[in-house]
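Taken in order, these protein sequences are the chains called B and E.
Quick note on numbering: the numbering used here labels position 88 of the first sequence as 88, and the sequence is numbered without any gaps.
Take any residue in the second sequence, note its place counting from 1, add 431, and you have its number in the numbering used here.
Please note that the accuracy of each hint is not assured.
[Unchecked claim] Quick list of simulated restraints, FRET-style, between CB atoms: (1) B:Ser152 <-> E:Glu493: 30 to 36 Å; (2) E:Glu519 <-> B:Ser150: 37 to 43 Å; (3) B:Asp310 <-> E:Thr523: 25 to 31 Å; (4) E:Glu493 <-> B:Ala174: 34 to 40 Å; (5) E:Asp440 <-> B:Ala49: 34 to 40 Å; (6) B:Glu151 <-> E:Ala500: 39 to 45 Å; (7) B:Ala181 <-> E:Leu512: 30 to 36 Å; (8) B:Arg359 <-> E:Arg459: 50 to 56 Å; (9) B:Ile4 <-> E:Met457: 28 to 34 Å; (10) E:Trp510 <-> B:Gly271: 44 to 50 Å; (11) B:Ser152 <-> E:Leu512: 35 to 41 Å.
[Said to hold, decoys possible] From the derived model, a few chain E residues whose C-beta atoms are all more than 12 Å from chain B: (12) Ser441; (13) Leu467; (14) Ala470; (15) Thr482; (16) Leu527; (17) Trp543.
[Unchecked claim] Every beta carbon over 10 Å from chain B, so not counted as near; a handful from chain E, in silico: (18) Lys466; (19) Gly471; (20) Leu477; (21) Ile495; (22) Glu518; (23) Asp545.
Hints are computed from structural coordinates only; laboratory data are not their basis.
Just so it is clear, CB atoms sit at the ideal spot from N, CA and C, and this is done for glycine as well.
So the chains spell out like this:
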Amino acid sequence: MNDIAWSDAALGSARPQAVGALLRYFRDLDAAEEAFQEACVRALKSWPAQGAPRDPAAWLIFVGRNFALDQVRRRSKQEALPADELISNLDDAEAALADRLDKAQYRDDVLRLLFICCHPELPAGQQIAVALRVVSGLSVKEIARAFLVSESAMEQRITRAKRRIASAGVPFEAPGALERAERLSVVAAMIYLLFNEGYSASDGTVHVRVPLCEEAIRLARLLLGLFPDEGEVLGLTALLLLQHARAPARLDADEGIVLLDDQDRRLWDRGMIAEGLALVEKALRQRRPGPYQVQAAIAAVHAQAARPEDTGWDEIDRLYAVLETLQPSPVVTLNRAVAVAKVHGPAAALAMIEPLAVRLSGYFYFFGTRGALLMQLGRVEEARAAFDRAVALANTAAEAAHIRLQIDRLSKEGHPRNGRGPDGNLPACPS
Amino acid sequence: MLYSILCYDSEAVVGAMTREEDDDLMARLTGVTEKLAAAGKLGPSLRLMPTTAAATVRGNGEVIDGPFAETKEQLLGFWVLDCETLEEAVETARLLAREKPGGALEVRPINWFDPGSGVK
Numbered sequence: 001m002n003d004i005a006w007s008d009a010a011l012g013s014a015r016p017q018a019v020g021a022l023l024r025y026f027r028d029l030d031a032a033e034e035a036f037q038e039a040c041v042r043a044l045k046s047w048p049a050q051g052a053p054r055d056p057a058a059w060l061i062f063v064g065r066n067f068a069l070d071q072v073r074r075r076s077k078q079e080a081l082p083a084d085e086l087i088s089n090l091d092d093a094e095a096a097l098a099d100r101l102d103k104a105q106y107r108d109d110v111l112r113l114l115f116i117c118c119h120p121e122l123p124a125g126q127q128i129a130v131a132l133r134v135v136s137g138l139s140v141k142e143i144a145r146a147f148l149v150s151e152s153a154m155e156q157r158i159t160r161a162k163r164r165i166a167s168a169g170v171p172f173e174a175p176g177a178l179e180r181a182e183r184l185s186v187v188a189a190m191i192y193l194l195f196n197e198g199y200s201a202s203d204g205t206v207h208v209r210v211p212l213c214e215e216a217i218r219l220a221r222l223l224l225g226l227f228p229d230e231g232e233v234l235g236l237t238a239l240l241l242l243q244h245a246r247a248p249a250r251l252d253a254d255e256g257i258v259l260l261d262d263q264d265r266r267l268w269d270r271g272m273i274a275e276g277l278a279l280v281e282k283a284l285r286q287r288r289p290g291p292y293q294v295q296a297a298i299a300a301v302h303a304q305a306a307r308p309e310d311t312g313w314d315e316i317d318r319l320y321a322v323l324e325t326l327q328p329s330p331v332v333t334l335n336r337a338v339a340v341a342k343v344h345g346p347a348a349a350l351a352m353i354e355p356l357a358v359r360l361s362g363y364f365y366f367f368g369t370r371g372a373l374l375m376q377l378g379r380v381e382e383a384r385a386a387f388d389r390a391v392a393l394a395n396t397a398a399e400a401a402h403i404r405l406q407i408d409r410l411s412k413e414g415h416p417r418n419g420r421g422p423d424g425n426l427p428a429c430p431s
Numbered sequence: 432m433l434y435s436i437l438c439y440d441s442e443a444v445v446g447a448m449t450r451e452e453d454d455d456l457m458a459r460l461t462g463v464t465e466k467l468a469a470a471g472k473l474g475p476s477l478r479l480m481p482t483t484a485a486a487t488v489r490g491n492g493e494v495i496d497g498p499f500a501e502t503k504e505q506l507l508g509f510w511v512l513d514c515e516t517l518e519e520a521v522e523t524a525r526l527l528a529r530e531k532p533g534g535a536l537e538v539r540p541i542n543w544f545d546p547g548s549g550v551k
């Protein structure tokens, strides 16, 4: 990594802290972002010559705040800005500031910044877009590309969302314990949505969008660094790491979906799995189970199986049963049915999902799973009907292509021995 | 004389590197250590998991999730253990803490480990 790359990475990773603190000073998102931007410009001028500061975030907050105060003064008195040399030697001031900004304040600054992106009036897609812009610092162009929309459409979407946030008023008082917990869970849900958006893109031609997944993991790590003993934040981070570890094996060379059973497990990222398992264990030690922790534990069972036939399906069935009580949802039951099919056979699984038909009548995975179970049972015509419905509901080209492959198999072979059962790798959206 | 070299950097910065940048960094470091290994000068080397995976055992045996974050104490040494679970590693740290009051012991999973063979 060269100096410029290091500076870029340092600016990027200091961003949530710095923008969060500047937001606390100015109580205005645009002002905070503008001040941060200016501080970055000055950093890129000053750091290569003077050496990088010990605490980049504190430096950026200090310079950003001075810049904004100067702006205000200049507007009122028409005074000139101080020359760069006057602010370039900040070592003493910087150290003093770093001492004053204790970790708890930083922590609430970053949480507040994430939390205002999750305003309940904003649709999920807008929450994610604003978080990527404001917290992660992705350019509008990058976000537009990730969401497969035009840059101007994304620009509009973000501007509209920010206006809504501004009019809602930012919660500046230091949060109490209960409020902090509520903010954490709202922010965790947004990070999870962001990951899912990358993991199983909700529309378009691209099925896995790695940058969105990586950004979600980065935000989860950021949150975990601030709240190291929150079981659900441990669980969320573990879940994302364990799911993303499989990304290199999830699509074949033609961008086709590779089911969990067929994945080349040598392609799974061992480092990510090891870290995910360590975090799951840390979370479980606390004995305060929550939905993310249970889902992470399920992902851990998959990750630990060297071969598909080594998967502890009975353990997965048990964990889904826990998840059903923590967070009852037809999607969770659908996922549990996949494990039940492996342990007790397709008939038991089919009986489990039939009652969900009405509530999941628009859900791609319901019909994909139902079709696979019917195929296993040799009920060819019904399987075909379910698969046809799944194709109609597919969110991406890869999903549709995958189901068509199943239909082809039915047409060619059409007997139960070839039914291979549903994939144990459905997304389990907590809803 | 045996020496250890301890690696410090901003976790946030290193964590923000892309997979390719990370692989490239590791490859360049390996380029240096391979020569040391060939010369019989390299002992164990390892890369730790992020501090978010750490737990800390205080001198009094209390376990805190997260890394050792104080700056009043200095790093004095470390052990490398092979444990089945985090629980086992934490219990081992407790045994050590009982013999060494004060300070703290941070338990951190290891991401990557090469036992080396050049140092006895």
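The hints, checked one at a time:
Restraint check, B:Ser152 to E:Glu493: a C-beta distance of roughly 56 Å breaks the suggested window 30 to 36 Å. Here the CB-CB span from E:Glu519 to B:Ser150 is close to 55 Å, at odds with the stated 37 to 43 Å. In this structure the supplied range 25 to 31 Å holds for B:Asp310 paired with E:Thr523, their Cβ-Cβ distance being about 29 Å. Taking 34 to 40 Å as the suggested C-beta distance range, the pair E:Glu493 and B:Ala174 does not conform, at roughly 27 Å.
Remark: the range hint 34 to 40 Å for E:Asp440 to B:Ala49 is contradicted by a beta-carbon distance near 21 Å. For B:Glu151 paired with E:Ala500, a C-beta distance near 42 Å keeps the hint of 39 to 45 Å intact. As the Cβ distance of B:Ala181 to E:Leu512 is approximately 35 Å, the hint placing it in 30 to 36 Å holds. B:Arg359 and E:Arg459 have their C-beta atoms about 54 Å apart, which keeps the hinted 50 to 56 Å range intact.
Taking the beta carbon of each, B:Ile4 and E:Met457 are about 20 Å apart, not inside 28 to 34 Å as hinted. Checked against the given bound of 44 to 50 Å, the beta carbons of E:Trp510 and B:Gly271, roughly 22 Å apart, lie outside it. For B:Ser152 and E:Leu512, the Cβ-Cβ distance of about 57 Å falls outside the hinted range of 35 to 41 Å, so the restraint is violated. Once the 12 Å rule is applied to beta carbons, E:Ser441 is inconsistent with being away from chain B; the minimum gap is 7 Å.
Interface exclusion of E:Leu467 from chain B stands, the closest Cβ pair being 21 Å apart, more than 12 Å. With a minimum CB-CB distance of about 27 Å to chain B, E:Ala470 clears the 12 Å threshold, and the non-interface call stands. At the 12 Å boundary, the C-beta of E:Thr482 falls inside the reach of chain B, the nearest C-beta of that chain being 7 Å off. For E:Leu527, the requirement that its beta carbon stay farther than 12 Å from each beta carbon of chain B is met, with the minimum near 19 Å.
Non-interface status of E:Trp543 relative to chain B is broken: a Cβ of that chain comes within 12 Å, the nearest being about 7 Å off. Residue placement check: E:Lys466 keeps its beta carbon more than 10 Å from all beta carbons of chain B (closest about 21 Å). No Cβ of chain B approaches the Cβ of E:Gly471 within 10 Å, the least distance being about 28 Å, so the stated non-interface status holds. No Cβ of chain B approaches the Cβ of E:Leu477 within 10 Å, the least distance being about 13 Å, so the stated non-interface status holds.
E:Ile495, annotated as away from the interface, has a beta carbon of chain B within 10 Å; the closest lies near 7 Å. For E:Glu518, the shortest C-beta to C-beta distance to chain B comes to about 7 Å, within the 10 Å cut-off, and the non-interface label is violated. For E:Asp545, the requirement that its beta carbon stay farther than 10 Å from each beta carbon of chain B is met, with the minimum near 14 Å.
When each numbered hint is compared with the structure, violations occur for hints 1, 2, 4, 5, 9, 10, 11, 12, 15, 17, 21, 22.
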